[in-house]
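**Student:** Chain by chain, the residues run as shown.
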Amino acid sequence: MAVISYREALRAAMREELKRDDKVVIMGEEVAQFNGAYKVTEGLLKEFGPKRIVDTPISEAGFIGLGIGASMLGIRPVMELMFWSFSYVAFDQIVNNAGNIRYMSGGLINCPIVIRGPANGGTNVGATHSHTPEAILASHPGIKVVCPATPYDAKGLLKAAIRDNDPVYVMENTILYNDKGEVPDEDYIVPLGVADVKRIGTDLTIVAHGRAVITSLKAAEILEKEHGVSVEVVDLRSIRPLDEETILASVRKTHRALLVEENKPFCGVDAQVAYLIQSKAFDELDAPIHRVSSIDAPQIYCKRMEDQQMPSVDRVVAEALKVLA
Amino acid sequence: MAKPAVLTHPESLKRPAGPSEYAKDPVNASMSKAEKIALYTKMARIRHFEQRCIRIYQQGKIGGFLHLYVGQEAVAAGTISLLGKNDHIITGYRDHGHGLMVGMGMNECMAELTGRVTGCSQGKGGSMHYFAPDKNYWGGHGIVGGQAPLGTGLAYAVKYMGLKGSCFVYMGDGAVNQGAVHEAYNLASLWDLPVIFVVENNGYSMGTSQERSTAHPGCLAKRAEGYNMAWDVINGHDVYEVRAKTALALKRAHEESKPTVLEIFTYRYFGHSMADPDKTYRDKEEIKEYRDKKDPVLAYEQELLREKVLTAELSLQINEAAMAEADKAAIFADESPDPTVADITKHIYWEEDNRGPKTTSRGTIIFE
Amino acid sequence: MAEIIDMPKLSDTMSVGTLVKWNIKEGQVVAFGDILAEVETDKATMELSCTVPGTILKIFAPAGQQLPVGAPICAIGKKGEAAPEAAAAPAPKAPKTAVPAIPEKAEVSCVPAAPASSGSVTPQSDASRTKASPYAKRMAEKAALNVAALSGSGPGGRVVGRDVAAAASAPAASAPSGPLNVAVAPPADGKGIQPDADVPVGGMRQTIARRLLESKITVPHFYLEVEVDAAPLMAMRESLNKRLAETGADAIKLSVNDFILKASAEALRRVPAVNASWAGTSIRTHGAVHLSFGVALEDGLVTPVIRDAHAKTLKDIAIEAKALIGKARSKKLTPSEMSGSTFTVTNLGMFGVTGFFGIINVPNAAILSVGATIKKPVVDAQDRLVIGHRMVIGLSGDHRVVDGANAAQFLQALKQLLEEPALMLI
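Residue numbers (the numbering used here), protein chains in the order written: chain X, 1 to 325; chain H, 1 to 368; chain A, 1 to 426.
If you are wondering where the hints come from, they were derived from the structure by calculation, not from laboratory data. Please note that the accuracy of each hint is not assured.
Claimed, not checked - Below 30 Å or equal to it, Euclidean Cα-Cα: the simulated BS3-like pairs (lysine-lysine) are:
1) H:Lys-288 - A:Lys-78
2) H:Lys-164 - X:Lys-46
3) A:Lys-79 - H:Lys-288
4) H:Lys-358 - X:Lys-51
5) A:Lys-25 - H:Lys-288
6) H:Lys-258 - X:Lys-51
7) A:Lys-58 - H:Lys-288
8) X:Lys-23 - H:Lys-358
9) H:Lys-279 - A:Lys-21
10) X:Lys-23 - H:Lys-135
11) A:Lys-25 - H:Lys-61
12) H:Lys-284 - A:Lys-79
13) H:Lys-279 - A:Lys-58
14) H:Lys-164 - X:Lys-23
15) A:Lys-21 - H:Lys-61
16) A:Lys-25 - H:Lys-279
17) A:Lys-58 - H:Lys-328
18) X:Lys-51 - H:Lys-135
19) H:Lys-293 - A:Lys-78
20) H:Lys-358 - X:Lys-19
21) A:Lys-79 - H:Lys-293
22) X:Lys-280 - A:Lys-137
23) H:Lys-61 - A:Lys-78
Owing to the predicted nature of the structure, the values given are computational and were not obtained by experimental measurement.
Please work from the sequences and hints to get the whole structure.
**Tutor:** Dropping the structure here:
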């Protein structure tokens with residue numbers, strides 16, 4: 001098994017699917033000639049040519065709408081947003097069209113598109129470039145949303161997304177692009193709607209997605225070594241569909257839950273998870289459900305403060321100890 | 001009351017409808033008698049279907065919006081009558097005429113308006129969302145201009161698959177100011193996509209005349225030059241002219257894979273939608289003028305009478321049959337059942353509707 | 001066929017319209033699009049255009065009339081056709097969406113809001129409301145523990161899982177004390193008289209605690225005392241036991257308590273008012289005497305019941321009492337053997353207690369408490385100082401059911417029966 005980066009894993013997923021299905025097209029700003037703003041699509045133009053790897057003008061509403069329209073006729077576009085923060089420019093296409101066309105036609109049409117790109121803060125780029133819109137997108141029935149935290153999950157989820165006949169939005173993370181991990185060479189997918197217990201424990205369940213998983217794993221180490229607490233970390237991987245059973249099984253085991261997200265508090269993904277746990281595992285709870293979200297403000301520019309705004313390892317450890325009190 | 005708009009239409013529009021200058025155009029002259037009668041029939045059917053909808057709306061059976069195509073029939077009829085196997089269409093919310101032209105049934109269209117499960121979208125779309133993908137009709141869209149990138153994408157797919165085809169993207173004169181439309185123009189021209197943008201210019205975007213909404217209102221199609229695209233203007237009351245000029249754009253799409261912007265001047269007799277009292281922005285005289293002197297259905301009837309293709313009896317028969325068909329469709333809609341509560345959560349995801357050995361996703365996707 | 005034109009719905013919020021003005025007359029020919037009338041709606045005055053070409057056969061609504069949407073206003077048909085009758089205006093259409101039924105049991109929140117500054121709702125300060133996690137409550141229920149009696153180690157004194165786990169297993173060491181929160185310092189030398197511990201309360205003690213507290217709080221107890229000359233009783237007991245022993249080695253041995261039980265039943269026959277129960281708006285008198293008596297166990301006390309003691313001989317009572325005591329000690333008493341009594345007798349004489357007053361075993365009306373028989377100087381009938389064998393018996397009575405006089409009469413009867421046991425024969 002090779003040890004590759006998250007970035008390379010995404011690229012491998014696209015390469016394999018481009019080979020597998022000639023209807024797959026990669027589209028976005030700077031994806032071809034520039035080799036990708038974050039080099040995720042590096043080398044693909046050379047390998048597959050300009051018909052399959054397409055540079056678009058700065059025109060999100062236009063090219064994402066174009067991709068959706070093409071998908072209605074069977075093309076499978078994988079569209080890159082340089083930042084998911086730019087999705088709001090194309091919000092009408094992403095939500096109203098991709099999300100609703102199947103429903104409004106009474107099931108006659110489907111839009112097998114993938115939109116992928118980084119959805120993260122923590123990079124010192126200010127409020128308009130640091131959004132994590134997985135919760136607001138997942139709140140629309142008709143849309144699927146996934147958030148891989150590791151190279152293995154990134155490749156598996158992107159492949160599953162490309163093969164999925166519904167719109168799937170993939171939330172990546174520029175900070176995770178360099179993370180390395182074991183990734184099989186052979187063909188595999190990570191099915192949507194399946195969470196992963198990244199660390200087994202008995203005293204506390206931490207539920208997280210995206211980079212918050214990595215933060216939580218670090219916090220879990222500290223909690224074990226310095227506080228003698230055994231922490232279980234559940235990586236959602238898929239936001240919609242959501243693996244409710246894995247979350248509930250973990251809470252039934254540990255009886256205490258801490259939710260960690262890089263979303264801002266109001267109606268982030270964890271608001272939905274908290275409702276789920278109290279509604280279906282109420283009698284298992286030995287403490288109220290706690291949550292660590294990003295501090296509720298537009299993303300601050302000052303780097304030292306942004307690190308505090310995001311859920312840091314320290315904040316997760318402190319909140320975990322409160323849940324365990 | 002606001003000053004009525006000064007419509008910057010071509011000269012031919014200032015004249016009452018008369019013999020069409022385009023009757024001899026090969027694309028029209030080559031039509032058989034049967035084809036001409038069929039074209040007239042289709043226009044009459046649109047007219048009577050739309051008029052029958054008014055009564056249903058006034059009876060309170062159609063909730064939401066109802067945007068009528070009455071007066072604009074020749075635009076849909078003329079353009080869609082040219083479509084081939086790989087030519088696709090997409091439009092905004094004034095979409096009944098286009099649906100009937102591609103061959104959707106009056107029953108399913110009427111039932112959709114009152115939200116029945118027998119409607120063309122099973123009661124899930126409504127007036128603004130007619131779809132018939134098997135007839136190359138991709139909707140029926142509610143957000144002004146939102147359909148432009150979608151249609152450009154349909155054309156992209158046709159080209160990607162190496163087919164000789166096109167996509168007609170219909171929109172109103174109000175849509176040309178939307179950003180999405182400009183982005184679509186740019187992409188279509190930049191990538192040489194076989195898109196035919198049809199601006200159905202009826203002079204008013206809701207209650208705002210062109211003069212009040214559009215900088216450089218003289219001619220909307222001319223904006224195509226800013227995108228290095230071909231363009232043309234058409235008198236939309238003359239179905240022959242619509243056919244003749246559209247045929248050229250279609251040829252450009254098929255043979256050169258290049259886009260065109262067509263501005264088709266037309267008129268609507270009723271308000272923007274049924275909710276529009278239609279009193280604040282134009283004169284009654286203006287509407288009467290169009291009805292009496294430039295009505296496209298009447299004009300084509302006259303044309304075919306002149307050509308001795310139609311007789312007065314046949315025309316009456318056709319119109320009465322269309323009215324009867326619309327009446328029957330209204331009854332069908334009335335007697336049809338609603339979708340059920342269980343239906344609300346169907347047709348959201350392809351995977352959920354097609355669960356089987358190939359579907360791999362698990363977990364909860366519809367939440368309580 | 002004629003078409004009836006109804007008052008149209010001209011805006012999505014319109015429910016009635018006023019027919020301001022007719023533009024046409026009966027008999028007039030109209031074409032599609034002709035303006036028939038002007039209608040005033042909630043928003044504006046709109047024109048009603050014709051959607052059915054033909055001849056106006058009849059006008060139903062005069063100018064100026066206000067009508068609901070859907071009411072007929074005119075009829076259009078072929079010239080010469082008979083005008084149809086206007087059907088009554090349809091009732092305003094019920095809204096299509098069903099109004100959700102109001103749930104039968106409305107959830108009423110009784111918790112008053114805290115002052116605005118805190119922003120959160122604080123429960124009424126109520127000692128009986130225990131803060132316990134859902135998981136702890138579930139665990140406590142399974143372990144038959146009363147979560148309210150546990151002390152909580154969670155935030156804010158919340159009872160959490162580990163508190164229940166500790167309580168359910170071996171007594172935990174040095175946990176903070178119970179609800180009274182009295183801090184008692186452990187023995188300084190570390191060698192105390194017993195372990196400092198929180199002994200979990202089992203089911204029996206819970207029951208005792210609950211029932212006796214209820215009795216003490218709700219029953220107005222009063223207390224009477226009588227001193228009985230036990231010598232005749234002791235003599236009879238000795239002679240009867242000798243006789244019984246002759247019947248076999250396993251013959252029953254009569255105890256003092258057996259005599260007291262028999263005498264109590266007989267005394268109740270003579271003063272039946274004491275064999276009753278308070279029933280709120282009435283007093284329930286009981287025909288049978290079901291006697292319960294206390295049996296001390298290692299961890300508590302049970303009161304088995306001898307049913308129909310009034311109809312049993314002294315020997316029957318003795319045999320049954322012995323059997324019940326045996327069952328009580330081996331925890332084999334059935335619920336029916338422990339309930340349904342009408343009178344209770346307790347005896348601490350074997351411990352040397354000279355006299356006491358028990359707590360009434362609700363729903364009995366009284367409880368008899370028997371002390372030890374002791375030798376003491378007494379004054380006899382001839383006013384001489386002699387050695388007497390005296391037993392002090394206490395009666396606690398429920399003053400709602402039994403007055404002092406009744407209770408005294410009962411005790412008088414009992415004393416008589418105990419001092420002249422032969423009277424129990426009649």
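**Student:** Now tell me if each hint is right for this structure.
**Tutor:** Quick rundown of the hints versus the structure:
At most 30 Å may separate the alpha-carbon atoms for a hinted pair to count; Lys-288 (chain H) and Lys-78 (chain A) meet this at roughly 25 Å. Of the supplied pair hints, the one linking Lys-164 (chain H) and Lys-46 (chain X) holds, its CA atoms being roughly 28 Å apart against a limit of 30 Å. A hinted pair counts as satisfied when its Cα atoms are at most 30 Å apart, and Lys-79 (chain A) with Lys-288 (chain H) qualifies at roughly 26 Å. With a CA separation close to 28 Å, the supplied pair Lys-358 (chain H) and Lys-51 (chain X) stays within the 30 Å bound.
For the given pair, Lys-25 (chain A) sits about 22 Å from Lys-288 (chain H) by alpha-carbon distance, which is consistent with the 30 Å threshold. Restraint check for Lys-258 (chain H) and Lys-51 (chain X): satisfied, since their Cα atoms lie roughly 17 Å apart, inside the 30 Å limit. A distance of roughly 27 Å separates the Cα atoms of Lys-58 (chain A) and Lys-288 (chain H); the hinted pair therefore holds under the 30 Å criterion. The hinted pair formed by Lys-23 (chain X) and Lys-358 (chain H) meets the criterion: a straight-line CA distance of about 18 Å does not exceed 30 Å.
A threshold of 30 Å between alpha carbons decides the hint, and for Lys-279 (chain H) with Lys-21 (chain A) the separation of about 18 Å falls inside it, so the pair holds. A C-alpha spacing of about 22 Å is found between Lys-23 (chain X) and Lys-135 (chain H), which places the hinted pair at or below 30 Å, so the restraint holds. Restraint check for Lys-25 (chain A) and Lys-61 (chain H): the C-alpha separation of about 29 Å stays at or below 30 Å, so the hint holds. Restraint check for Lys-284 (chain H) and Lys-79 (chain A): satisfied, since their Cα atoms lie roughly 29 Å apart, inside the 30 Å limit.
For the proposed pair Lys-279 (chain H) and Lys-58 (chain A), the alpha carbon gap of about 29 Å is at most 30 Å, so the pair holds. Under the criterion of a C-alpha separation no larger than 30 Å, the hint pairing Lys-164 (chain H) with Lys-23 (chain X) is consistent with the structure, at around 18 Å. For the hint pairing Lys-21 (chain A) with Lys-61 (chain H), the CA-to-CA distance comes to about 26 Å; that is within 30 Å, so the pair holds. Simply put, Lys-25 (chain A) and Lys-279 (chain H) have alpha-carbon atoms about 25 Å apart, close enough for the 30 Å limit, and the pair holds.
At most 30 Å may separate the alpha-carbon atoms for a hinted pair to count; Lys-58 (chain A) and Lys-328 (chain H) meet this at roughly 25 Å. Taking the CA atoms of Lys-51 (chain X) and Lys-135 (chain H), the gap is near 28 Å; set against the 30 Å cutoff, the hint holds. For the suggested pair Lys-293 (chain H) and Lys-78 (chain A), the alpha carbons sit about 28 Å apart, so the restraint of at most 30 Å is met. In summary, the hint linking Lys-358 (chain H) to Lys-19 (chain X) is supported, as the alpha carbons are separated by about 19 Å, within the 30 Å threshold.
For a cut-off of 30 Å, the pair hint linking Lys-79 (chain A) to Lys-293 (chain H) stands: about 28 Å separates their Cα positions. With a CA separation close to 16 Å, the supplied pair Lys-280 (chain X) and Lys-137 (chain A) stays within the 30 Å bound. Between Lys-61 (chain H) and Lys-78 (chain A), the direct Cα distance comes to roughly 27 Å. Compliance with the 30 Å bound is thereby established for this hinted pair.
Every hint from the earlier list agrees with this structure, and none is contradicted.
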